[in-house]
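Each chain sits in its own coordinate frame; assemble them with the hints.
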Amino acid sequence: MSDLPFFHLNLRRNPFGELTVAERTRLAIVECDVALQHLKSPRSVIQIIGEKGYGKTTHLLSLAIHFAGHAYIHIPEDQRVVIPAAGDPLFIDEAQRLTLFQRLQTFRSNRRLILGTHTDFEKKLCRADRPVMTIAADRFTNASRVHNLLNARIEFARRGPGPIPSITLKTAANLFTQFGSDIRGMEHSMYHAFQQLRDVQDV
Amino acid sequence: MSKCDISIEFDRKDRTYSGGETVTGKVLFRVNETVKSNGITLMHQWRTHGRGNTTGGPKEKVELASIVTYTPGEEFELPFSIVAPTHPVTYRGNLINIDHYIHVEMTVPWAFNPKQEEDYLLQPGPPPEGFEGSRDSIITLAQKPASSSFVGKIILAIIGIVILIPIIMFAAFLLPIIMVIVGIFWFRRMALAKRLGEVKLTIPYVIVAPGEQWTARVQFTPRKQFRINSISLTLLGRESATSGSGTNSTTHKHTILEQKLVLRANDMLPANELVDEEFSLVFPGTAAYTAELPDNKIQWTAVVRIDIPSFPDWSKTQPLQVVPAAFLVNVSEAVKISSGQDSSSVGSSRMARPPAGVSPPPISSSQQFDSSTDADTPEIWEEDVSPGLAQLVTSINAAPRHGNERGDIVSHAAGQAFDAIIVIDRVTSLMGSTACDPRYEYGKSVTGTVKGLNQAIQVITPESQNDEIDDLRRGDIWPTQISITDWDSLYNRINARMIDENA
Numbered sequence: 000m001s002d003l004p005f006f007h008l009n010l011r012r013n014p015f016g017e018l019t020v021a022e023r024t025r026l027a028i029v030e031c032d033v034a035l036q037h038l039k040s041p042r043s044v045i046q047i048i049g050e051k052g053y054g055k056t057t058h059l060l061s062l063a064i065h066f067a068g069h070a071y072i073h074i075p076e077d078q079r080v081v082i083p084a085a086g087d088p089l090f091i092d093e094a095q096r097l098t099l100f101q102r103l104q105t106f107r108s109n110r111r112l113i114l115g116t117h118t119d120f121e122k123k124l125c126r127a128d129r130p131v132m133t134i135a136a137d138r139f140t141n142a143s144r145v146h147n148l149l150n151a152r153i154e155f156a157r158r159g160p161g162p163i164p165s166i167t168l169k170t171a172a173n174l175f176t177q178f179g180s181d182i183r184g185m186e187h188s189m190y191h192a193f194q195q196l197r198d199v200q201d202v
Numbered sequence: 000m001s002k003c004d005i006s007i008e009f010d011r012k013d014r015t016y017s018g019g020e021t022v023t024g025k026v027l028f029r030v031n032e033t034v035k036s037n038g039i040t041l042m043h044q045w046r047t048h049g050r051g052n053t054t055g056g057p058k059e060k061v062e063l064a065s066i067v068t069y070t071p072g073e074e075f076e077l078p079f080s081i082v083a084p085t086h087p088v089t090y091r092g093n094l095i096n097i098d099h100y101i102h103v104e105m106t107v108p109w110a111f112n113p114k115q116e117e118d119y120l121l122q123p124g125p126p127p128e129g130f131e132g133s134r135d136s137i138i139t140l141a142q143k144p145a146s147s148s149f150v151g152k153i154i155l156a157i158i159g160i161v162i163l164i165p166i167i168m169f170a171a172f173l174l175p176i177i178m179v180i181v182g183i184f185w186f187r188r189m190a191l192a193k194r195l196g197e198v199k200l201t202i203p204y205v206i207v208a209p210g211e212q213w214t215a216r217v218q219f220t221p222r223k224q225f226r227i228n229s230i231s232l233t234l235l236g237r238e239s240a241t242s243g244s245g246t247n248s249t250t251h252k253h254t255i256l257e258q259k260l261v262l263r264a265n266d267m268l269p270a271n272e273l274v275d276e277e278f279s280l281v282f283p284g285t286a287a288y289t290a291e292l293p294d295n296k297i298q299w300t301a302v303v304r305i306d307i308p309s310f311p312d313w314s315k316t317q318p319l320q321v322v323p324a325a326f327l328v329n330v331s332e333a334v335k336i337s338s339g340q341d342s343s344s345v346g347s348s349r350m351a352r353p354p355a356g357v358s359p360p361p362i363s364s365s366q367q368f369d370s371s372t373d374a375d376t377p378e379i380w381e382e383d384v385s386p387g388l389a390q391l392v393t394s395i396n397a398a399p400r401h402g403n404e405r406g407d408i409v410s411h412a413a414g415q416a417f418d419a420i421i422v423i424d425r426v427t428s429l430m431g432s433t434a435c436d437p438r439y440e441y442g443k444s445v446t447g448t449v450k451g452l453n454q455a456i457q458v459i460t461p462e463s464q465n466d467e468i469d470d471l472r473r474g475d476i477w478p479t480q481i482s483i484t485d486w487d488s489l490y491n492r493i494n495a496r497m498i499d500e501n502a
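Sequences listed follow chains L and R, in order. Note that numbering that gives the first Met the number 0 numbers the first sequence so that position 122 is 121, with each residue one more than the last. Note that numbering that gives the first Met the number 0 numbers the second sequence so that position 140 is 139, with each residue one more than the last.
The shape of chain R in the complex, shown without the other chains (with noise of 0.2 Å):
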């Protein structure tokens, strides 16, 4: 038997903490023995688990008690306070986990420490400090290495040199292989060149974030008159994680996801036309975000390919970002692709088109944006609201935000209809999960907040409305029937289905 007993308990019985929040319970300590505690003390830390060797992030310590002799029988709790980091998220996959742990140890002299641990889940908060900028180009979000001293930079220096002579002077008797693979390589490229012209790759979004509108446009004018098999971009997403180390080292991976968009394929393309193809998709619902940690990566990226028969593929890699969408709130948008033919077809601000069946009028997010200056409009809006939906809302938000009240008023009005209008947040595929009824099951899932009301809410609609689904992008105002399902506590969201008029 241990000197003493130790227990943690959350203040939260699902143990779920959004990044910044503040994580409070308190510690349950049952004395076996008598023991003179030299201290005890809480740690948390994030840390992986899985194939590749185990990381963490820094080790942050709180002091719960002092220098006290406990006598058997005694029983006590101290209760903890502690601030979640923000990133990085908890995360499950297949090769990596990353979770977060709070530690609770007994300082004892001369004997083992009496100690405990228990995990705790964080979800995506607000972004973490440092991470701004553009868009359009990677935020690095791991710490920067200890910069070394003036002494320690002419050492590595001198010892670079050292290096660098006898690397230079085998070099040397290898230069007819390295000038033959140079040339080799100069040899592609100038063939490709002069067949494809200068080939420029746009994508804006370099940071995104799961569910989002994502686009990549490549553009190219075509020197001579060529067949190709097709023009692709390929969405990989990928865990790689490494066990051991040296001659014992290996590198496991494992795929999460592999998308392949193909835009042109068995074409002629005639010379000096130009080829202006966009690729725009939904960015997959994951919670894979971007990870560069040692010996456990998370690494996403875009592949784009013109595939020509019988001739060197033109094919640039671009890494991507993937993070929380609420991270991007200190993010500035990158310059938007320009198109000459229709600019409505890329970025947030576009008009929606409601599904087939459902009658009240498009209209703009832009025409939402302006009418915010106007205080009449909302009003519009506020009239399309079912009230009973309205009444539904206010009693969520009467509710208290933890335990079981807001699932139950929802429940109590599962399968209800009601008239929404759904601000866009981001549309996804189904791809068979979820829905239990067939006609939903390959349908999408829409995700927003209802407009007027500010509730957040995912509707679940059926396949046949498909076309007209995928031609929402975020921020769009889309009218719709719903009949209410559930209560989503995790993310403090009603869950509905579009009724099925065809039905």
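For reference, chain L alone in the conformation it holds in the complex (with noise of 0.2 Å):
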């Protein structure tokens, strides 16, 4: 039974490894009630705005599990994709890798859209007579969100009934002011602490 993944630890695995999308959306600590009240309106647009790793797809994720005919499209770098026919809201990650016709486009449609992006569209879909709420992705970022995000994916990971390693308050104080709003990056810093730990321990 010892040479399981992370016995040692109670756990299954490092916690801090990459998720599935599922499992990452189940994890997500997204506060949607304003997005989500803002939505009813028709046409309503929502922006999240953040830099790599703050969590734009996470918030997207987390606001599509609440519609059940939405439509879901990544932009990866250097890619076009077919934006779909159908499906409402429509979800767009990495929205700022739109073509120009694909803007436009899009914009003018009577969808609701929930984008995800670096680059701040706001004037260009107020233009297109749209309601638009812009959401900062790290906007309730702070020492004790991280701490709770930090130790939800531990318990996530947990193998049984027990003790499991935990983050300290301190910690999750240090990684904020070392990586700021850079969720995945004290993730990764994580990731390795927990594959050095052999004994269950608050880190």
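You may find that some hints are simply not true.
[What the hints assert, rightly or not] Listed next, the in silico SDA-like pairs over lysine to any residue satisfying Cα-Cα at most 20 Å (straight line): (1) R:Lys-296 x L:Thr-19; (2) R:Lys-199 x R:Pro-318; (3) R:Lys-25 x R:Ile-81; (4) L:Lys-51 x R:His-251; (5) R:Lys-12 x L:Gly-159; (6) R:Lys-58 x L:Gly-159; (7) L:Lys-51 x R:Thr-241; (8) L:Lys-169 x L:Leu-148; (9) R:Lys-296 x L:Leu-18; (10) R:Lys-193 x R:Pro-311; (11) R:Lys-60 x R:Leu-27; (12) R:Lys-296 x R:Val-205; (13) R:Lys-58 x R:Ser-80; (14) R:Lys-12 x L:Asn-9; (15) R:Lys-114 x L:Thr-19.
[As the list claims (entries may be wrong)] Not close to chain L: a few residues of chain R, all C-beta gaps over 10 Å, as computed: (16) Gly-51; (17) Ile-164; (18) Ile-167; (19) Ser-279.
[What the hints assert, rightly or not] Taking beta-carbon pairs under 7 Å as the criterion, some of the chain R residues facing chain L (in silico): (20) Arg-50; (21) Thr-54; (22) Glu-117; (23) Asp-118.
Simulated from the structure, these hints should not be mistaken for laboratory data. Idealized CB from N, CA, C, for every residue including glycine.
Here is the structure:
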């Protein structure tokens, strides 16, 4: 049994390894109420702005689970994707990579839009006569939220009943000072810490 | 509280199975609320976890129960039995882990499905289907991509042409730069050819198992006299894990092993004199078998380099495929390196040189193979096996494979000395691990089987015997004296130490 992964920490795996989309959605701690209220208006748009690793995709995934008939696309770097004709609202991750034609077509459509983007499209969307709400992906990020996020990741990897390692508030504060709102950077740092961990202990 | 609590129990407490074996156990259910189940399914799958994006094998489903309504307080169990896949085997790395899972889910309409998942360990078993061929070329284990239809091929061809035309037009503008770069490479190649002549690199085993003897040979005849810094071979094992995608993608690398072997250093190579160097090493013992999975790769390479001062170096990188020894049964041997000087120094059929202080005469493995036609010869060996050791092995074989009984039998014999003749499987360096006695700390680990008893054994040898032990090759016969230490239940083998006669 002791040969099972991370058995010594009462975990199933390194909690800070990569997650699947479904796991990330399940673990997201995102306040959705205000955004959901805004999306009740026809042709409404939510744009989630933030730097790499700040949680834009997590925001999109957390909102997506509230809409059964939604369409979701992620635009990879240097690639063009076809915008799905059906599905409302339309989620576009990395919306700054839309071509000019796609942007004009999408912004002028009647579908509700939820955009994850590095670029602020508020003026362009207002010109298309759309009600826009801009959300900064890191708006609620602070040491306390970091503490909750990281400990939720550890709890998710729990193997069985009994103690498991935990992140202290002090470590969370240090990580927040070091990485700011870059949650992914913190996770990478903690991955290496957990690879080295030999016993259940506070980190 | 969940509508139903589910737990999975494996029949083997250590949850360890070999590829192709049947994994059995039972799923226990305790119902907390009335629940109408549309069925209970068991799914098994391998998945990666770690720094790279998660990837997994096909999900194989088994239906355990059909539509039933369960009442609160009801407890029941369903047995399961699945055949474990043959690959990939369980792996624990720094960036990459591979594990096998049993997942049980009760389908409940209009509610969250109660589910449970447990992992088990998969050891190497028989080779995967289709792992056949020759050891001189890599055998792909990954699934072939689905072939596109005829219409699909035409569309792809049109897209290719459309993309290619602007690239060619753009390349026309860059032609002078491209020609300069090509010219540099051509000049470099010609300069090396003018100095080194044709360099022939021969690697008979591109598919290699940990712990086995591995060789590479480099041959060339310099066209003029020149000095070299070194002729070296670097064996490199590396994990490569990619996380994220697009601009967010990052590839992380971790070196599992980097071992450099220098054959010649600061030497002058005379003109028109054949340079014929052979690298020979025991491939490191590792569980990091080659894996080419999406976003998760374990890769091994051998880089041979001729380092020439103030001149471009000659180098060649050869990818290697590291597989469990058990996978080699259907793979044919490649043509071995033929050496005009000493053909016995390569390959597995060679004369064994017993370590100093061991009295029995050296016997070659070829003699061993020849003896298989002679009914009388094996008795000679059996006479050399200590009756006590034979009795111990008989007791071990009589005890059940799983449980503690075999370990108990061996622990009772711990410290006893026996004469043993071992058919060598592999020799690896301890590198300061395993042994608590300083004499053995930097010694060797010899694995093989006890001749005449067909019992797997691992013998730790003292550092003072390293030179002699290094000469042992797979298939060699090694007479020695051992002291039993303990039982290795994972490999089903005896652990022992070679008696240090210098002590």
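So which of those numbered hints doesn't the model satisfy? Per hint list: 6, 16, 21 and 22 violated.
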